[in-house]
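Novice: Chain by chain, the residues:
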Amino acid sequence: MSRKKNYAMVIDTRACVGCSACVYACKSENSVPEGFCRDWIEQKIQGSFPNLTMELRSNRCQHCEDAPCVTYCPTGSSHYAGDGTVQIDRDLCTGCKACLAACPYDARYIHPIGYADKCSFCQHRLKKGLQPACVTTCPTDALHLVDLNSNDGIFENLLEDRKTTQDIVHAGTGPKLFWLQ
Amino acid sequence: MAKVNRRQFIKISSAFLASSAAASQVFDWPFQVKNAIAEEFLTADRIVPTTCEICFWRCGVDAHVRDEKVYKLTGQANHPLSNGRLCPRGNGGQGLLYDPNRLRHPLIRVTVNGKPQFRKTSWDEALTLIAERFQQITEQYGTESVAMFSHGFGASFFKTLFSAYGIRTFSAPSYAQCRGPRTEAFKLTYGHAVGSPEAIDVANSKYLVLLGSHLGENMHNTAVQDFSKAISRGCKVVVVDPRYSTAASKAEHWLPIKPGTDLALLRSWIHILINEKIYDVEFIENNATGLEELWEGVKDATPEKTYALTGIPVEQIVAVGRDLGRYGSSALIHPGRHVTWYGDDTQRERAIAILNALLGNYQMPGGLIQQEKYSSYKPKFPVARNAGQQFKSRYPFASSVPANEIVEQTISADPYPVKSWFVYGTNLIHSLGDQRATMEAIQNLDFMVAVDVLPAEITGYADVVLPECTYLERYDDLDNRTYRIPYLAIRQPAVAPLYDSKPGHEIARLLSMKMGLPDLFEADIETYLDKQLKEMGSSLSELKKSGVLKKEESDLYRKEGEMLRFKTPSGKIELASQRLKDAGFDAVPQYYPPPENPPGYFRMLYGRAPMHTFGRTANNRVLGELMPENELWVNEIAGHDMKLKHGEYVYLVNQDQVKSRTRIKVRLTQRIRPDAVYLVHGFGHTDPRMEFAFRRGVSDADLVTKLSVDPIMGGTGMNNNFVTFSRT
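Taken in sequence, the protein lines are chains A and B.
Numbered according to this note's numbering, the first sequence terminates at residue 173, and the numbering increases by one at each position without gaps.
Numbered according to this note's numbering, the second sequence terminates at residue 826, and the numbering increases by one at each position without gaps.
Bound conformation, chain B alone (with noise of 0.2 Å):
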């Protein structure tokens, strides 16, 4: 029986979209008045200390208003994570609040002469059209077959909705397909996690190692801030990359490590430091068990042997080696971030959290700090009793629901079906890989909601789109994370929302209502803010006008002789994992080689450019102005051997002959190894609706068919595609 295909994506549709595309050529910008001069725009009507969300590191900034237009964002003075500072995305913003493709009004998917097509609606059909699918979804096949996936932190409000409905599957591609690895290894060796904003003490670290991490171009401005400063105070920099990094300009060695052997050249510095007795002797024997262990896991990782393996001269493994035992407690190897790259992440990033046990750092200046919330108070909702199943993941560390499992179960139905997704601010298309899977499960589901600010990919596989106002148009949750300065700060709207947008608090609401939650949510949410503000012993009104609060720094380090205890099951710093061995692991990180490039296949990386934020800003005129397309960084000579031009405009294929949808203008540069090719992510957009980012560049998702998915906890490495050419 031949497969109807009844999600098929929706181009173009009707009347609505020809408006918007009219609007959009007669669009003025706020910020470019014709004939304005610097001067007319010395004083807002008002400035409005908000918190941004161009990326999720949640700087404060304050918007400008004038003429109920926010013409200019700059960073917020007092707020701990800016510093009166911002990165170029948070700078451009407005590019997204103004940004003419925006998602206008609720849509609903419907089929007019056999062609699927969106339908303009009013928010009521459509959150009413919600609640009755829901309802009949989870009725015949359980509260369980409807999966949440999110990013951001406006998802708060809809958690909160389907976890007093019954529903209690969460995913957020930020776990799995990013942070998790990192998550799970601390875990297991400390018994906690780093956290985000991480803690650790960059701006104080005398010795800093990057593995692959991309500081500068990558701009969480604090953690920017940090790094920057210790270069300022004399930090040495080691950079491991097969690319000569933003970072690496600034490192006394770059080592263009052979990609996928990272693991192999820590093991080889722990190998150093235990050989050569240069670790803190003292703080391991008091502190951390299974040393004996760690030493036989790691006794043949000699620097000869790495250097086989990851192509780093002897030398300079030693050299790294030494000095790290040398500056010992004020060196601090960099966890990373986005560290789902081949596979073997929980090992390495276990590894990482070794090293840094050996070098004596912890809660010690430029080591690893112990952070604080500004409040323990949070906000009380009901939870549904006659829940569906938990979802089970099959990784055993999984301590977060990774996205990609539920997309294998949606198309498995094993062992129980998922019939409906709700995706809310997260391109699913561009952020999972495989997208054969997520195209196939797409296919599989009975309804799909996404809320979002733009017609990102997801959206045209909706049966209805929800569109969100911006960041700069709404309240959201307060921000009470952990972070060296303790703080708690607000977003809070500077202007009213545009179009027939909503915020998502009032999109969760209205559909509380209908999905037979009426008292759930405060009638208004500044009553509710208000409430949870005067428990924390403030008021809306107070945070309104400040826009955050803090107080002093927390104790970031340990005292002279503190006993510390690990929440692990021994009790202390785990060199050695039982739990990992138990279930049937390597208690000791150990290495296995990733696969070698197919002959002509260059190994595909990607990564970050300061002005973008995945595919987020992909769109965002402002941003887009500097950088409105990826290039694919290729090596000079690799690339003449492969009669590749400067400059022109190829296809990718990767090594299951798929073929990028669009091209990519080539990069010939010294800056990469020859047996690897990089370009950022979050370009090549197909949804002609993003008229800016449309075929710009190229994704490298279409490329990620194969996930190197870690055994530990589910994370998939993407690192593991290699890509060749072609003209046509």
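Just chain A, same shape as in the assembly (with noise of 0.2 Å):
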């Protein structure tokens, strides 16, 4: 029997040029209602002119391993999926936002027809051995979905010689998104 998967996603901000590919293939393969988004670009500048330095990074839901909104869910609806990834049953989501309140990244909106929404990764597409849209489309390769119980070594090798971050490690939610510097 093969080994449970435990998916992440190493994000390389060094290639990433903020394009916003990945949030229109998001929103295509996934049909995101217009005015809402599962992933989103970020911009981190800081100094001044002329000493300047800007970060872009892709940004989505982390699939933490102590998810609050799976705690907070009273209706089971957000839940581990059993591969590292946090998913909405959707029949289940009564839309009362109490996963919205309690996610540290504001990574869930609530969907027009009633139900929470975020990044599954593409859980689909990953049962029919597909990568992400986004990672696919991703015009500068900057996006990397890793297997972390995988011995294969893809994302030992993606750490390798970079300074690699994480976001609001401080609350404790265990995020699977790492960002290499």
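Don't read these hints as lab results, they were simulated from the structure.
Keep in mind it's a predicted model, so treat the numbers as computed, not measured.
Among the hints, a few may not be true.
As the list claims (entries may be wrong) - Straight line, CA to CA, 30 Å or less: simulated BS3-like cross-link-like pairs of lysine-lysine:
(1) B/Lys397 - A/Lys119
(2) B/Lys334 - B/Lys397
(3) A/Lys120 - B/Lys327
(4) B/Lys397 - A/Lys36
(5) B/Lys334 - A/Lys36
Put the complex together from the two separate chains, hints included.
Specialist: Right under this line is the structure:
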């Protein structure tokens, strides 16, 4: 029997140009309604003219190991899918927004139909052996879906010799997005 | 005598518009189906490989079709320009296909109660009228009195038709308003152009210098893929730009140069390379002429003097100059793409060409490379024998017709009158600059036809408007351009044309019947393409399935000791150009300072955003979601001095007191010099038929009243315009 997956994402901020192809690809793939998105681009600018730095990063749900959205979901809709991802069972979701309040990463929105929605790492594609839509389209190859339980060395290779950061680690949720500086 | 304004812009026309507006309100976006969940979209009824045209890079896309609607576009895995990936614009192509404001029917200009209006008409009536008017005009003024403007490769069918008819004046703003200076500079230096996609090996560069290039904001897919690859492989990047661009954020050195002084900086680097003898001595000895003259010509360009001109500190100029010498043939000065800036553009591009030569990067990894075509086969069409005069540019090195010169001649009628324009897919109002001249020229026309997908401003001035269907609904000619991986790609319809729109090839064929050339085109496009493909050893059925055919990567690099021969008069790379000298220009690029800012004015610079292609995507509701309008970048301190508030809307007023038609949102930022402002090109549309884009942001083209024309090839430098702000 094959080992259980534990999906995470490594995002190379040096390669990323912040073009938003990931956002548009996600919207088409997941029919995200107008005015909402499951992933987005952040721009961090520091310094003043002419001594500036800018970091561009594609951001989305962290698929936390200890996810507050799952903890606080009163209906069991938000759940661990067993492959390292956090998913939403729409039939169970009442749209109460407890998860939106609990998420330190502001990764969720309420779909106009009435359920909470967020990045699923394109679970439906993963099941078919495909990469998430954002990873597939990224012109700069900045996005990498990795399996932390795998011993294929991909995760380690990506992180080698690179400074890696994670977001809001102090919230203690065990986020699984890794940014390469 | 009062001039009759015959060609009044048609703002709102009759009933058909109201019905299209109503349609837009109930329009159901196929990719946002109510109650849909992602899983429902897993299976497409079919996936159609075709060629994108949201910009002109021509990536391979897979159109995913379900219930006869394109709901998703992805990058074709096998296509060498997309490699399975797509830029944001390519991802949002459905926004064009399902744009509720698309042109739906042929339109004819009529006058009702003294007011011009468009009347919905049939294809037959519209095309009959065009053929009749062309006949009248060419009989009266000669075939040279008709000019065609175009952008995009769907134009090829009309060029074929008009060439057979005797019309010979074809012009594209992508020449004199964009890449022309680069083309001529590289031809003068190396005997050939850089081409598009550019024959440069960015992915393997170790040291890359970008001047005002918007790589990463300009999202030509493979160009950005290569750029990111280079960065990931440790390439050092130098960005020369008054603005802290996306590329600048990846750079080891950002040189926030005083706008308009780039040539001074380039000359200084040439100076350093020769003075310190850190250029590729052997390569230059064997392959170039004019080194001594070059040195004489740049002797005065010391780093100290250059600092005074450019504002770039001496240490930085020297550091980069020496790095260039150190990296040598693995370094590249990127030739840029949109390069019509200050009117000295051919000479600036010459300096770039010369610097690359000194680095010895010609046909070397990381430098300028050789590209090939998949096939040398070209379909043959008859060209009229009794054709009229060839348009003669007054610029000695214009190898293409500068669009602005046609505008001038339409006004002056000298040496002969231009009475009719056929405009395919280019919104001249926004692309040419100097709108006053464009408008005056339009007033002088007897007849104008516009072929477009959307009601772009130019269509409002036309006598006949022909609605072309989008790239997702049509065949076009085969894409057989030079590239490092020779390839042959097809554009084919993913879905049938919507409304009463037609593909360009069909419009041209129907028009050819009316124009008395019934045998010019095959009866159907599929036969035409299949015949060509058979000549190239394939077939339409094969290409329809695969989307693209490709060959092994061509010989990109020169071999050790290989003798090079260049198609220049000397057979060598011309560091000093005798041809330029003979025509009265500087053989070695000299620097002439651009006009300074008038007090209280900022130099207006414009550029690109990743999710838009000029004005062509401004009405795209999918792409517009993340960027519905452009913003005006103003340096924070300079903005405070001008009492501007972040986020407020202002009008712009230029040096000629021309005011923008619309207002723009101020963005106070540290990312730009205090003497310049910046905005993304393509916004500020004033045609209410484009409901989404209407009056969002400002059009820089409104304010480019001064064109600094390059005397060498007629390119229109647009960056010598200055603006200030007005709240009213």
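Novice: Each hint needs a verdict: does it hold in this structure or not?
Specialist: Against the structure, the hints:
no.: 1; hint: B/Lys397 - A/Lys119; in the structure: violated (66 Å)
no.: 2; hint: B/Lys334 - B/Lys397; in the structure: holds (28 Å)
no.: 3; hint: A/Lys120 - B/Lys327; in the structure: holds (28 Å)
no.: 4; hint: B/Lys397 - A/Lys36; in the structure: violated (43 Å)
no.: 5; hint: B/Lys334 - A/Lys36; in the structure: holds (22 Å)
Checked against the numbered hints above, the structure violates hints 1, 4; every other hint is satisfied.
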